Amino acid sequence: MTAKAVDDHAHSEQWAETSHCRVSAVRRFGAFTAFELVAPRIAGKAAPGQFVMVTVPGGGFLLRRPLSMFTVHGDRAGLLVEARGAGSERLAGLEVGETVDLAGPLGSAFPTKGVTNALLVGGGIGCAPLQYLADELVTAGANVTAAFGFRDFRAARAAGAFAVERLWVASEDGAVGRRGTVMDVLAELDAPPNTVVYACGPAAMIGAVQRWTLEQGLRGYASLEAHMACGSGSCRGCVVDTTRGKLRVCSEGPVFALDEVRP
Amino acid sequence: MTPPLELEQVMLAVELGPLRLEHPLVDASGTFDLLEYARRYRGDFFADFPYAAYVPKTVTADARTGNPPPRVTETPSGMINGIGLENPGIDAWIGGLSEWAALRRPVIVSVGGNSPDQYAAVVRALETHLASAFAATVPRLEGFELNVSCPNVAGGPQIGADPAATAAVVGACRAETTRFLLVKLTPNVSDVTLAARAAVEAGADGLSLVNTFKAMVLDRETLRPFLGNRTGGLCGPAIKPIALRMVAEVAQALPGVPLVGMGGVISGLDALEFIACGATAVGVGAANFTGFEAPSRIVAELRAELAARGFASPAAARGIALDA
Ligand SMILES: Cc1cc2nc3c(=O)[nH]c(=O)nc-3n(C[C@H](O)[C@H](O)[C@H](O)COP(=O)(O)OP(=O)(O)OC[C@H]3O[C@@H](n4cnc5c(N)ncnc54)[C@H](O)[C@@H]3O)c2cc1C
Ligand SMILES: Cc1cc2nc3c(=O)[nH]c(=O)nc-3n(C[C@H](O)[C@H](O)[C@H](O)COP(=O)(O)O)c2cc1C
Ligand code: FES
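Protein sequences, first through last, are from chains A and B.
For the first sequence, the working numbering gives the first residue as 1, with consecutive numbering after it.
For the second sequence, the working numbering gives the first residue as 264, with consecutive numbering after it.
Certain hints may be false.
[Said to hold, decoys possible] To spell it out: a stretch of chain A is covered by chain B in this simulated footprint if at least three of its residues, at any positions, have a beta carbon under 8 Å from a beta carbon of chain B; those stretches are: (1) 14-26; (2) 68-81; (3) 215-228; (4) 234-241.
Calculated directly from the structure, the hints in this document are not laboratory data.
Please read these numbers as outputs of a predicted model, since none were measured by experiment.
Note that CB positions come from ideal geometry on N, CA and C, so glycine has one too.
Isolated chain A (complex conformation) (with noise of 0.2 Å):
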């Protein structure tokens, strides 16, 4: 399917418009925070998979940094930021009341036209974006499945960031769920033979995911990271290899077929 699929969907609305959006609510969970911001614009348009690109507050930075659209709740927009460097603990520590730059959406959706199985599978932070797709695929009435990885316990409390009926973790250290990696919990599972796999996390986590799929005789999508400075398309500063040559991971992506990508 592949190429021509994603590229249709490439075509999901996208905004470079910033807006100036309210924290509403604020969660902490292990390393991860949770946010809503009341952003009537950028909720309307969005589809999961879909990013936005973030002002750090204060003036000290120069690029925003991209973050995953979370969840979707009427005009609230929601975000998951895990604290990595100077940057994202800025914006993993903002509290209600205090107001960020955001603008988007950006970036291709994940494609859920006439899924009715999915398989969601993420490693770390990467599970952010995989929140909104299982609540549009469960509207949308298809049996949703995730399995998430995490490395430690810090990380590993994130899993109560989450809600999918369905929801099987794996920690590396064994603190929460398996003991082992979402590849271990992959094992495990009975995939019937339609299912959609969607994948996010560390590259190591994608071709891994990747080559079972294929083994699977399944089809997927899997959701790429990159270095940023747009973010939307202009400065070609966010490519990846792909077989279909260098593609912009903030355009063309995030969202990309699972066998198209080479991580």
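Dock chain B with the ligands against chain A, hints included.
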């Protein structure tokens, strides 16, 4: 001190050589893509285009796939990029011109290459196309900017670091066009006025400066070069003081030559500083990455900064930082 003016008393229009610009701000090549923004805009972006002229990303004779990723990251008060002049090549580029023919602003085409022949081939291809294209199918291509200063392409030193090589490129292009011809200078030299003078003597009508500073960023964990190309070009606020110094040096050495100053312009005051150092127009690069609204904000701030100081126009402030 001159008394302040009302905002509407400030006339922002400037003349960059033969180009009439509504205000001094242009985008810096490679940082702002008209069509990508138009796709992500609610209204008519061609009509609302925020810059006074459009400088597209550098185009070369042949298609280039650019450097391996990663290609960008943030640095203290700036950023580094190693894109490597990814572009579709001049033939495909010309093929796409009709898509943005509706842009009302003048366009300055940024041209790259590895030899005088390659630069001249791009200019010639465009002139040939313009000579027989229906006017409604092409944007207002009114000038060229010869990018002799990209630090991110393999194969020898930058042409712009060598005044004779710079002159050869300019001469080859001058023979192909009578349009306004800018040369974009590299800051990776000890005396920027040497290539500046060589370019003007070879027929350039004006100069743009600066391009990015060749630089390196390491991966924090592996301590190996972070960018796929190992090195890249540094820009943003970190380079502004050096860029200002270089613009002033060129303005001083070559009075009367129109200059497009750039490097770290984030605010209207930054833009005014480049004008005070002798620039007629000002390029905005990395600031485009801070938000879609950056160009219109900087134009509004420039107006306010001029008004606050009693300058009725950018020309009134031009060069006041230079030695008498
Ligand atoms: C499409 C997409 C969706 C993402 N969604 C989420 C999300 O929902 N939640 C979340 O916590 N994180 C997400 N990330 C990763 C997040 O953007 C980075 O963790 C963040 O930019 C790091 O910034 P920093 O200042 O803390 O790190 P630093 O390392 O100090 O940042 C330096 C520069 O590198 C960039 N950078 C560093 N790491 C990454 C990375 N992994 N990916 C992209 N750019 C990086 C920064 O944006 C900045 O420009 C996403 C990334 C992409 C590309
Ligand atoms: C991502 C990126 C791509 C660039 N591409 C080009 C290019 O194609 N041609 C060019 O002449 N300059 C290019 N530049 C340099 C800018 O045009 C500008 O000279 C430089 O960034 C300094 O301005 P700034 O500090 O405002 O960004 C690029 C800069 C960046 C950040
Ligand atoms: S970040 Fe600029 S093109 Fe993707």
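Hints and how they fare:
{"no.": "1", "hint": "14-26", "in the structure": "holds (count 5)"}
{"no.": "2", "hint": "68-81", "in the structure": "violated (count 0)"}
{"no.": "3", "hint": "215-228", "in the structure": "holds (count 3)"}
{"no.": "4", "hint": "234-241", "in the structure": "holds (count 8)"}
The structure shown violates just one earlier hint, number 2.
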